[in-house]
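Undergrad: One letter stands for each residue in the lines below.
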Amino acid sequence: MFSRTYKFVITTPPLLWVTVFLLVPYALMFCYSFWSVTPAQAIVHSWNLENYQELLQKSVYWETLLRSMWIAARVMVFSLLLGYPLAYFLSFYGGKRKDLLYQMVIIPLWVSYLVRAYAWKTILGSEGVLNTLLQYVHFTRHPLEFLLYSPFAVVLTLTHIYTPFAILPIYAALEHIPRNLVEASHDLGATPAQTFWKVIFPLSIPGVVAGATFAFVLSLGDFLAPLLLGGPSGIMISNIVVSLFGAAYNWPLGAAISLGMLLIVVSLLFLSERVEKKWSFS
Amino acid sequence: MSRPSNIPRSRWLLAHASVVFAFLYLPIAVLIFYSFNGQGVGGFPPHHLTLDWYRVLFSDGAIWDSVLNSLQVALAAMGISLTFGIPAALALDRAQFPGKALFRRLVLLPLILPGIITGLSLLMLFDLTGTKLSLVTIILGHGTALISVATTEVFAGLQKLDRAQEEASLDLGADYWQTFWRVTVPNLRLPIIGAALLIFTLSMDEIAVSFFLIGRDNTLPLEIWGRLRRGITPEINAVSTIIFIFSLVTIVVWYRLRLRSEGGVDVGTELLETSEDAVAAAASTR
Chain F
1 MFSRTYKFVI TTPPLLWVTV FLLVPYALMF CYSFWSVTPA QAIVHSWNLE
51 NYQELLQKSV YWETLLRSMW IAARVMVFSL LLGYPLAYFL SFYGGKRKDL
101 LYQMVIIPLW VSYLVRAYAW KTILGSEGVL NTLLQYVHFT RHPLEFLLYS
151 PFAVVLTLTH IYTPFAILPI YAALEHIPRN LVEASHDLGA TPAQTFWKVI
201 FPLSIPGVVA GATFAFVLSL GDFLAPLLLG GPSGIMISNI VVSLFGAAYN
251 WPLGAAISLG MLLIVVSLLF LSERVEKKWS FS
Chain Y
1001 MSRPSNIPRS RWLLAHASVV FAFLYLPIAV LIFYSFNGQG VGGFPPHHLT
1051 LDWYRVLFSD GAIWDSVLNS LQVALAAMGI SLTFGIPAAL ALDRAQFPGK
1101 ALFRRLVLLP LILPGIITGL SLLMLFDLTG TKLSLVTIIL GHGTALISVA
1151 TTEVFAGLQK LDRAQEEASL DLGADYWQTF WRVTVPNLRL PIIGAALLIF
1201 TLSMDEIAVS FFLIGRDNTL PLEIWGRLRR GITPEINAVS TIIFIFSLVT
1251 IVVWYRLRLR SEGGVDVGTE LLETSEDAVA AAASTR
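For the record, the sequence lines run as chains F and Y. Going letter by letter, the first sequence gives residues 1 to 282 in the numbering used here. Going letter by letter, the second sequence gives residues 1001 to 1286 in the numbering used here.
These are computed hints drawn from the structure, not numbers from a lab. C-beta: ideal position from N, C-alpha, C; glycine also. Do not take every clue at face value.
In the DSS-like style, the derived pairs of lysine-lysine whose C-alpha atoms are separated by at most 25 Å in a straight line are [as the list claims (entries may be wrong)]: (1) Lys1160(Y) to Lys7(F); (2) Lys7(F) to Lys1100(Y); (3) Lys277(F) to Lys1100(Y).
Partial selection, computed: residues in chain Y whose CB lies under 8 Å from chain F [what the hints assert, rightly or not]: (4) Ala1017; (5) Ile1028; (6) Phe1044.
So that you can see chain F by itself, here it is in the shape it has in the complex (with noise of 0.2 Å):
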């Protein structure tokens, strides 16, 4: 029923901006990380393996990664901990106030990422609320130092800001969940222990994928929460991307690295697509 001009006109508009302002800057991002750059800081269009040479011989970009990679993982399971009961409660007991919770669970997912980090800096600080609370109930003497400027300030505030991101993929696998089959279950002399290892968990792994999936590609490329909270032993690759593309100017390392941590998130992206596949229910 449409004409070709009308698909045609519908088409071509948002192929072309995508085409400039994304494929394109993502294309430029594997360039440049070929390029180099002078002792006079200008960068050369010569095509070299120079940057990734760097980044295997240098053991400050494998540390820092693989922190970062350890900080998100913490991320990531703390996120499923605290998510999949909530998840598991609201679809199985929300009752009449489920769309409440739900909506609960969705305010702190849009509400400002840098006020909570913020939050929690005023929290955790030498001269926060948490240790002058601590000292005023005569808890502790001294303020506790390594609440802040620590990997676990980062992972605290993290999986604060990415549980809603964890809780949401897998309340909605839940709920898609034929109730009728846990009646069966239980039917068939299934006790709830069985009901649920059997039966319900299995069909909210693509949930649980998902959500992990978000927890920890969203921390593992995080950059602020470090430089707010972590201090020098919180600090993420990505950190170091952003000082090569500011003080320290070697733009082509940065891509490279970049280019790296790209590889990682599309590696696990693949990942867990196999996983939510294999274990999709419909």
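Assemble chain Y onto chain F, guided by the hints.
TA: What follows is chain Y alone, placed relative to chain F:
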């Protein structure tokens, strides 16, 4: 769906849910509470409750300049995202063209990729083309990244659209342009308004992409960011409280709209599907 008869009540789950909600909301509550504290951003017990920090905030010219900048950016980004996101949804729904699968995944990619990658790749584009960084480059960044929101919302709306109406309009002699404005758009009113609100809120709050594309003029999040690095007063709590109330109102309006557009896709399902799309995108670019 309600609780099947064989699922017992669980106190443990209720307790867990309470703890998680406390974890999600307590920091925000503390932040708001200390915006009234005369004695700084921390410190227990709080002393000397006052509205002074709001007075400081309201006479702080730099903050309000950045608010104006952010409003301009958000409105312009909304314009770009809708201008290209709505046709993109239509194209995905009813046109076949080479590279369609790749296009669909590319549009959604900024939703799942860390903002730093999108921000830096755009920075390289602007640097290479000699574009001076300013609010315009931030608008281009936000507008591009948030096309994904417009496209997913409108595409979901299109799936529920009654095709007969458009067909009737065309049969009765209206041209495509008239049909688009008088039949298609009015039917997609709620998804479009919903997308617009969402894009607006996300842009007002965006920092990771803006961080790399900023020129001389700050957006509100970047202005706050600059101050956080210099030393903090409850003025930041006060501005955060106002941002919080603002997001809260927007999200409630948005959610009401969602409920009115019957059976609208919920955020959870959307995230689930988005991740699947992003996953597929990743797979196809290998």
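Undergrad: Determine which of the earlier numbered hints do not hold for this structure and return their numbers in increasing order.
TA: Going through the list in order, the structure violates no hint and respects every one.
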